[in-house]
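With the hints as constraints, model all of the structure from the sequences given.
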Amino acid sequence: VVDAVVVVLVVVLVVVLVVVVVLGVVDVVVVVLVVVLGVVDVVVVVLVVVLGVVLVVVVVLGVVDVIVVVLVVVLGVVDVVVVVLVVVLGVVDAVVVVLVVVLVVVLVVVLVVVVVLGVVDVVVVVLVVVLVVVVVLGVVDVLVVVLVVVLVVVVVLGVVD
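Mapping to the working numbering: the sequence shown position 120 is 120, numbers consecutive.
Just so you know, the hints here were simulated from the structure itself, not pulled from any lab data.
Note that the structure is predicted; figures quoted are calculated from it, not measured.
Some hints here could point you the wrong way.
Unchecked claim - Beta-carbon label-pair distances, calculated as ranges:
hint, residue 1, residue 2, range
1, Val34, Val72, 34 to 40 Å
2, Val66, Val91, 26 to 32 Å
3, Val86, Val125, 49 to 55 Å
All C-beta atoms, glycine included, are put in the ideal place defined by N, C-alpha and C.
Here it is as structure tokens:
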């Protein structure tokens with residue numbers, strides 16, 4: 001009798017292992033829950049668990065932090081920063097802030113490059129880049145791009161700035 005029980009248990013365990021390997025743990029749990037509880041009850045249990053997790057996250061992080069996390073996941077960090085800047089400062093001021101940040105980053109990069117390469121090498125690199133841009137775009141296109149950038153900066157910042 002004991003041997004028969006052991007054989008049955010081993011067969012059951014092997015079947016369970018095969019089912020788990022083939023379907024995966026989550027699928028087996030879902031199948032067992034559906035068989036035991038029924039479809040509607042499983043949906044209710046899942047909803048209650050999900051809502052419970054959401055409630056715990058909201059309580060731990062707070063509503064604002066959850067909204068920020070959702071926005072960052074949906075939009076991305078840069079887009080959220082831009083949206084916050086536009087909402088807080090307005091469009092023109094946000095553009096000015098972004099331009100200033102970009103200018104500061106460019107200046108820092110230029111300073112680092114100058115320190116690392118030296119002034120002569122930087123001048124040579126700039127001349128090569130300008131030559132490549134002029135060859136690729138053409139002289140007229142480069143002048144048009146420069147004029148458009150200058151016009152945008154003058155319109156946004158103003159002549160005095």
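Hints violated by the structure (numbers, ascending): 3
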